[in-house]
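A.B. asks: So the chains spell out like this:
2 protein chains.
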Amino acid sequence: MVETTRIVLAARPVGAPTPANFRLETGELPDPGPGEVLLRTRYLSLDPYMRGRMSAAESYAPPVEVDGVMVGATVAEVLESRDPSLAKGDVVVAYSGWQTHHVAPASAVRKLDPDAAPPSTALGVLGMPGFTAYSGLLKIGQPKPGETVVVAAASGPVGATVGQIARIKGARAVGIAGGPDKCAYVRDELGFDAVIDHRAPDFADQLKNAVPDGIDVYFENVGGAVAAAVFPLLNTYGRVPVCGLIADYNATEAPSGPDRLPAHFRRVLTKSLTVRGFIQTEFVAEMYRDFLRDMSGWIGEGLVRYREDIVDGLENAPAAFIGLLEGRNFGKLVVRVA
Amino acid sequence: MVETTRIVLAARPVGAPTPANFRLETGELPDPGPGEVLLRTRYLSLDPYMRGRMSAAESYAPPVEVDGVMVGATVAEVLESRDPSLAKGDVVVAYSGWQTHHVAPASAVRKLDPDAAPPSTALGVLGMPGFTAYSGLLKIGQPKPGETVVVAAASGPVGATVGQIARIKGARAVGIAGGPDKCAYVRDELGFDAVIDHRAPDFADQLKNAVPDGIDVYFENVGGAVAAAVFPLLNTYGRVPVCGLIADYNATEAPSGPDRLPAHFRRVLTKSLTVRGFIQTEFVAEMYRDFLRDMSGWIGEGLVRYREDIVDGLENAPAAFIGLLEGRNFGKLVVRVA
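Which chain is which? The protein sequence lines are F and D, in order. Here the working numbering is used: position 299 in the first sequence is 299, and no number is missing along the way. Here the working numbering is used: position 182 in the second sequence is 182, and no number is missing along the way.
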């Protein structure tokens with residue numbers, strides 16, 4: 001019997017999550033059965049979608065149950081294997097959630113080559129966030145050379161990757177980020193063509209000036225005031241892949257009026273816009289192999305850069321996650337668990 | 001010199017158009033020059049999009065100027081031709097607008113075979129409305145056998161055609177119409193699988209009961225309360241071609257709250273919806289030839305039926321158009337001009 005330390009959902013949040021919504025506890029794991037592996041978590045990924053899983057509202061995935069372990073992707077080490085495909089010491093990507101140990105079917109994890117890239121990147125640029133950027137931009141956004149692509153949270157793992165792939169495809173990348181440090185990083189390190197601070201009082205005007213030819217692709221991962229400034233600038237036949245709406249995740253009720261929905265539809269109609277929600281899993285079968293090949297190559301050539309924001313200790317995951325929803329992280333947020 | 005009787009935009013409407021927004025007048029036309037034809041209008045098409053052209057708000061096409069002739073597609077007879085491709089007596093589809101005579105380049109009209117189908121159908125099921133239904137449904141909606149397609153204004157030229165093509169493609173067609181006569185026509189004459197009266201107090205409940213497997217394609221041509229009832233019923237990967245929003249065309253300002261836009265985007269995200277505005281002209285080069293072939297065939301086989309609502313006299317066009325925006329027509333609204 002192995003003991004796991006885990007963080008469970010103590011209560012569903014109303015509005016922004018607080019520390020009281022989480023509880024650290026210990027529990028015992030069964031021994032791995034045939035075909036299973038015992039894992040020790042090295043890294044836990046923290047991502048905005050987890051806010052959705054904390055709520056009971058209908059979504060594309062079932063919610064975490066109250067008193068259940070918080071879900072999440074992990075990089076883990078195999079401590080014990082009862083499956084021929086994996087051996088003790090192997091490093092894998094798993095979905096162990098917010099805990100130190102886990103027993104999983106070997107078929108539910110993917111073995112990593114720890115020499116190919118730092119293992120934590122399997123949670124970021126070479127994992128779900130990177131693939132969200134890759135699949136949503138290429139499959140739905142379809143940027144053409146010379147077009148303008150706008151993405152918010154541009155220093156985060158999805159936004160940063162969207163902009164860099166847009167540039168690889170010959171498009172102009174305009175990023176939106178919060179604060180001078182993040183903006184400088186997006187412009188100077190990631191090489192975006194322009195970057196706007198959404199905290200600036202004249203944000204909408206700055207954005208307009210930064211896109212003299214309008215916007216052809218808006219990769220939507222934030223919603224809120226940023227989206228409100230972007231939509232009027234979309235060109236005819238503009239494409240809007242929608243992968244997240246972090247600005248609205250903590251909302252407890254519909255905002256007061258006016259009701260902007262009719263005007264939104266009028267714009268969709270008169271500009272022949274495509275607005276397309278997606279979850280990256282839709283494209284895994286079709287594109288994941290290409291993604292790993294392309295992205296590994298781009299990282300190797302220096303065409304795609306990434307930044308990690310690593311927090312030490314599972315016990316610090318709740319505070320880090322609360323900060324993520326407020327934009328306090330800088331780069332892909334990962335918890336080093338062991 | 002030929003005299004034309006025409007209806008011009010006397011003043012831009014604020015809210016619903018009134019007779020005072022139109023003015024009947026006469027004017028003189030120049031003689032046709034080389035390559036031009038003189039046309040006498042037989043039929044004038046009245047369509048919801050014309051409401052947009054009466055306003056100065058930005059749209060996909062420039063507005064009609066004040067004192068300018070109201071735009072519109074027509075079926076016309078060639079009175080005089082100065083182009084070898086057309087002869088006196090030919091019947092053509094033109095874009096003469098709301099007037100009895102017009103001088104146009106021969107290249108801007110399309111010759112009809114008056115024996116193939118009643119010429120007025122070139123303004124309806126075999127014209128722009130039919131092609132709007134055909135291209136939007138097949139290119140964006142992409143109904144698959146067994147799926148459920150919902151369309152409003154189901155007794156109108158677009159909605160009626162959408163539902164019938166959906167059935168040809170093996171999908172289930174659910175129509176929405178206003179009043180018992182239109183509903184009976186949609187069910188009994190057009191053969192939709194179900195039809196709901198949007199005036200019923202329990203409309204939303206009736207709609208829910210009529211789509212036990214949810215909705216896969218919502219062909220959006222009305223907006224408003226109908227759209228509000230439909231969206232919660234859309235299935236994952238639902239498709240929403242947006243070709244019109246007649247319920248909102250007369251709105252003078254954004255409705256009071258709550259603001260439904262964030263909830264709409266949340267649904268787009270969690271259901272992986274595709275919402276795609278379009279104007280049929282986008283697909284003409286790619287699909288118009290197929291459309292004419294398919295639709296002529298379907299009409300010949302009795303698989304697609306249509307209904308015209310013919311009003312006599314150009315002077316009655318304003319009242320007929322005002323009625324169209326209120327849903328008072330029953331079938332494709334056409335003015336018999338000569």
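Derived by calculation from the structure, the hints in this document are not laboratory data. Predicted model, so just to flag it, every value in this text is computed and none were measured. Treat each hint with caution, since some may be false.
[Said to hold, decoys possible] Okay, derived cross-link-like pairs now, BS3-like style, lysine-lysine, Cα gap no bigger than 25 Å in a straight line:
| hint | chain 1 | residue 1 | chain 2 | residue 2 |
| --- | --- | --- | --- | --- |
| 1 | D | Lys-139 | F | Lys-139 |
| 2 | D | Lys-88 | D | Lys-144 |
| 3 | D | Lys-111 | D | Lys-88 |
| 4 | D | Lys-144 | F | Lys-139 |
| 5 | F | Lys-208 | F | Lys-169 |
| 6 | F | Lys-144 | D | Lys-144 |
| 7 | F | Lys-169 | F | Lys-144 |
| 8 | D | Lys-144 | D | Lys-111 |
[To be verified] Here chain F is said to cover these stretches of chain D; the calculated rule only asks that three of the stretch's residues, wherever they fall, bring their Cβ under 8 Å from a Cβ of chain F:
| hint | region |
| --- | --- |
| 9 | 47-60 |
| 10 | 240-249 |
| 11 | 255-261 |
| 12 | 297-303 |
A virtual CB, placed ideally from N, CA and C, is assigned to each residue, including glycine.
A.B. asks: Okay, which hints does this one fail, numbers in order?
C.D. replies: Violated hints (numbers, rising): 2, 6, 8 and 12; every other hint is consistent with the structure.
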